[in-house]
Each structure stands twice: as C-alpha cells, then as structure tokens.
Amino acid sequence: MKKLIILIFVSLFSINVYSADVRILNIQNFKLDSKITSTLAEKTKKIEELHIYQENNDIYVLGWSKDGKIAFIENRGIDGRGGHDFLFTIQDLVEDKICYYKKIECYDFDEFSEYHVLLLTLQECINNNAEELNKKLNEYSIIVKPSEVRFFPLFDKERNEIKFDVNVIKKGIGKYGLTHMTYEIFAIKNNKYKILGRKDDVICEYILPTGYIKSPYEDRIALIVADAEHVYEGAEVFIKFYGCNLNVGFEKKSSIIKHMKNGTGKNHNTVFVADRLLMQFAV
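Positions in the sequence shown are counted from 1; adding 85 to them yields my numbering.
Among the hints, erroneous ones may be present.
To be verified - Each computed DSS-like pair below joins lysine-lysine, with the alpha-carbon atoms no more than 25 Å apart:
| hint | residue 1 | residue 2 |
| --- | --- | --- |
| 1 | K325 | K120 |
| 2 | K116 | K230 |
| 3 | K116 | K188 |
| 4 | K284 | K338 |
| 5 | K120 | K284 |
| 6 | K337 | K284 |
| 7 | K221 | K248 |
| 8 | K248 | K284 |
| 9 | K299 | K116 |
| 10 | K187 | K151 |
| 11 | K130 | K120 |
| 12 | K338 | K242 |
| 13 | K274 | K284 |
| 14 | K338 | K248 |
| 15 | K248 | K120 |
| 16 | K188 | K230 |
| 17 | K325 | K277 |
| 18 | K188 | K242 |
| 19 | K188 | K325 |
| 20 | K325 | K221 |
Said to hold, decoys possible - Cβ-Cβ distance ranges computed for the label pairs, FRET-style:
| hint | residue 1 | residue 2 | range |
| --- | --- | --- | --- |
| 21 | I109 | I280 | 18 to 28 Å |
| 22 | E180 | P301 | 18 to 28 Å |
| 23 | I132 | K338 | 26 to 36 Å |
| 24 | C184 | G262 | 34 to 44 Å |
| 25 | F240 | K120 | 13 to 23 Å |
Treat the hints as calculated values from the structure; they're not laboratory data. Positions of the beta carbon are idealized from the N, C-alpha and C atoms, including for glycine.
Modelling step: build the complete structure from the supplied sequences, incorporating the hints.
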C-alpha cells in the first residue's frame with residue numbers, strides 16, 4: 086500500500102512540474118534585463134541617421150525544457166498605430182525552429198460601442214489565454230522558472246572563453262532606400278567556429294549580441310541578439326534567440342569560412358568593437 090501511495094505521489098509531482106498555471110505567476114519576475122535592447126540603442130546614439138525610438142521591448146522568459154526548448158512572451162510596442170502586441174513563442178534551440186507561436190489579442194472591444202476598445206494589461210491577456218498557454222507549456226515540457234540574463238565574457242566549464250560575432254551580407258537596397266540584409270551569427274572557441282543561425286533578407290541596419298541565458302539543465306545557452314530593424318517612423322530593436330551548445334559543434338576556421346561565403350565578393354566594415362563583439366554593417 087505504501088509503495089502504491091509513493092508511486093501516485095511521484096506521478097502527480099512529475100505532471101505538475103510542467104503544468105504551472107500562468108494565471109498565478111507574477112509575470113514581472115520573468116522579465117529580462119532591459120539592457121538586452123538598450124545596449125544597442127546606446128551604442129548607436131552618435132549615428133545621426135539612425136533614430137531608434139523604441140528600444141525597450143520587454144521579453145519575459147517563462148522557462149526551459151530539459152531538451153533545449155525555451156518559452157517566452159514579447160511585449161512589443163507597435164510603431165505608427167500605438168499600443169502593444171503580446172507574442173507567445175516556444176522555440177527549439179537545438180533544431181533551430183519555432184515549435185509554437187501565438188499573437189495574443191490585447192484589445193477588448195467595448196460592448197456599448199463598435200469603435201471604442203479597451204487596452205488590456207499583459208496579465209489580463211495571459212489570463213484570457215491561460216488554458217491554451219498552460220496546455221502548450223505542458224506539451225513541450227517547459228519547466229516554469231525565471232531566467233537571469235548574463236553578460237559577456239562567457240566561459241565553458243573548462244574555462245575556455247566563447248565569443249560571438251556577426252557576418253552580415255548586403256542583399257540590396259529596397260523600397261524607400263532601406264537596406265535588406267542576410268546575416269549569420271557564429272560562436273568562436275579555441276580558434277574553432279560554429280554557425281548558430283542565419284536570417285535572410287531582413288530590413289535592418291545594425292546587429293549586436295547583447296547577452297545570454299543559461300539552461301538550468303544542460304551546457305546550452307540562448308544567445309540574445311538585438312537588431313535595429315526599420316519600421317514606420319525610424320528603427321526599432323528586436324530580440325532573437327540562438328541556441329548554442331557550449332561543448333560540441335565547433336570546427337576549424339577553413340570549413341566555416343567556406344560555408345559563410347556568399348558569392349558577392351564584397352567585404353564588411355566594422356562599425357565599432359565593444360565587449361570584444363563586432364557590430365558590423367555591409368558596404
């Protein structure tokens with residue numbers, strides 16, 4: 086009988102680990118340090134042609150799974166019309182793919198008028214979508230727990246420093262004279278390299294790795310990369326996550342350079358060096 090009770094208790098505990106109710110969370114405990122976006126804005130203040138007016142979009146990381154998935158909410162200010170968008174994402178940092186994405190409606194239409202709307206708070210939006218969010222967190226085995234942003238330098242468990250850099254490729258000048266780019270993010274350790282991800286044909290000017298979040302369950306990080314993308318009235322900083330296993334996947338420079346060649350024959354100029362990270366733009 087005692088064995089049966091213990092088995093039931095263990096089973097219940099294993100289920101509840103992943104099924105924290107988002108309605109009872111203090112969401113502000115999950116908010117990342119605003120430096121992940123403001124750092125890029127601060128670095129570009131002396132560049133007159135770039136006006137970054139919304140540099141502090143808020144990111145709330147809800148937790149990690151043990152197999153390298155991360156769940157987060159973006160509270161993003163909307164250029165032009167005003168207001169906010171709340172975006173819920175579960176991202177696989179091993180396979181480099183989005184597992185689930187939902188744009189959360191943040192307006193509540195006034196029942197007495199077809200024109201008036203009420204702007205909901207982030208917590209109200211979460212509560213209105215709690216059943217679905219809880220289901221997805223459980224489905225992808227996300228263990229709900231606040232994450233802490235860490236800043237560079239970064240070392241692996243053997244005290245080898247890992248640096249990050251950006252290879253930006255100019256794709257051309259599009260409508261309204263805006264620059265379209267393709268860029269790759271890569272890691273460097275002991276003179277070996279690893280490409281973490283690639284973004285194609287993004288309308289942006291500047292890219293900078295600004296920090297990272299360490300998985301509580303394995304030697305893996307979510308690298309935080311900020312980029313200044315063109316929007317309605319200037320540029321806005323957006324955040325992207327790139328997964329990086331700290332121990333495996335690093336290759337000799339020659340094989341990485343071969344992969345990174347873009348066929349244009351054009352070089353890239355460094356804007357500045359900050360915290361050993363190069364922020365670049367294409368010429």
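These are the hints, each one checked on the structure:
1. With a C-alpha separation of about 14 Å, the suggested pair K325 and K120 falls inside the 25 Å cut-off, and the hint holds.
2. Among the hinted pairs, K116 with K230 is consistent with the structure: their alpha-carbon atoms are about 11 Å apart, no more than 25 Å.
3. Annotation: proposed proximity of K116 to K188 holds, straight-line Cα distance about 18 Å (limit 25 Å).
4. At roughly 21 Å between alpha-carbon atoms, K284 and K338 fall within 25 Å of each other, so this suggested pair holds.
5. In summary, the hint linking K120 to K284 is supported, as the alpha carbons are separated by about 23 Å, within the 25 Å threshold.
6. Restraint check for K337 and K284: satisfied, since their Cα atoms lie roughly 23 Å apart, inside the 25 Å limit.
7. Of the pairs offered as hints, the one joining K221 and K248 is violated, with about 33 Å between alpha carbons and a cut-off of 25 Å exceeded.
8. Pair hint K248 plus K284 holds up; C-alpha atoms about 19 Å apart against a cutoff of 25 Å.
9. For the given pair, K299 sits about 15 Å from K116 by alpha-carbon distance, which is consistent with the 25 Å threshold.
10. Proximity of K187 to K151 is assessed by CA-CA distance (about 22 Å); at most 25 Å being required, the pair is judged to hold.
11. A C-alpha spacing of about 15 Å is found between K130 and K120, which places the hinted pair at or below 25 Å, so the restraint holds.
12. Between K338 and K242, the direct Cα distance comes to roughly 23 Å. Compliance with the 25 Å bound is thereby established for this hinted pair.
13. For a cut-off of 25 Å, the pair hint linking K274 to K284 stands: about 22 Å separates their Cα positions.
14. Restraint check for K338 and K248: the C-alpha separation of about 14 Å stays at or below 25 Å, so the hint holds.
15. The suggested pairing of K248 with K120 holds, with an alpha-carbon distance near 19 Å, which does not exceed 25 Å.
16. A C-alpha spacing of about 22 Å is found between K188 and K230, which places the hinted pair at or below 25 Å, so the restraint holds.
17. For the proposed pair K325 and K277, the alpha carbon gap of about 23 Å is at most 25 Å, so the pair holds.
18. With a C-alpha separation of about 38 Å, the suggested pairing of K188 with K242 is violated against the 25 Å cut-off.
19. About 16 Å separates the Cα atoms of K188 and K325, which keeps this hinted pair within 25 Å; it holds.
20. For a cut-off of 25 Å, the pair hint linking K325 to K221 stands: about 21 Å separates their Cα positions.
21. Restraint check, I109 to I280: a C-beta distance of roughly 40 Å breaks the suggested window 18 to 28 Å.
22. At roughly 20 Å, the beta carbons of E180 and P301 sit within the given window of 18 to 28 Å.
23. For the pair I132 and K338, the supplied restraint of 26 to 36 Å holds, since their beta-carbon distance comes to about 31 Å.
24. Remark: the range hint 34 to 44 Å for C184 to G262 is upheld by a beta-carbon distance near 37 Å.
25. Between F240 and K120 the Cβ separation comes to about 20 Å, which falls inside the hinted range of 13 to 23 Å.
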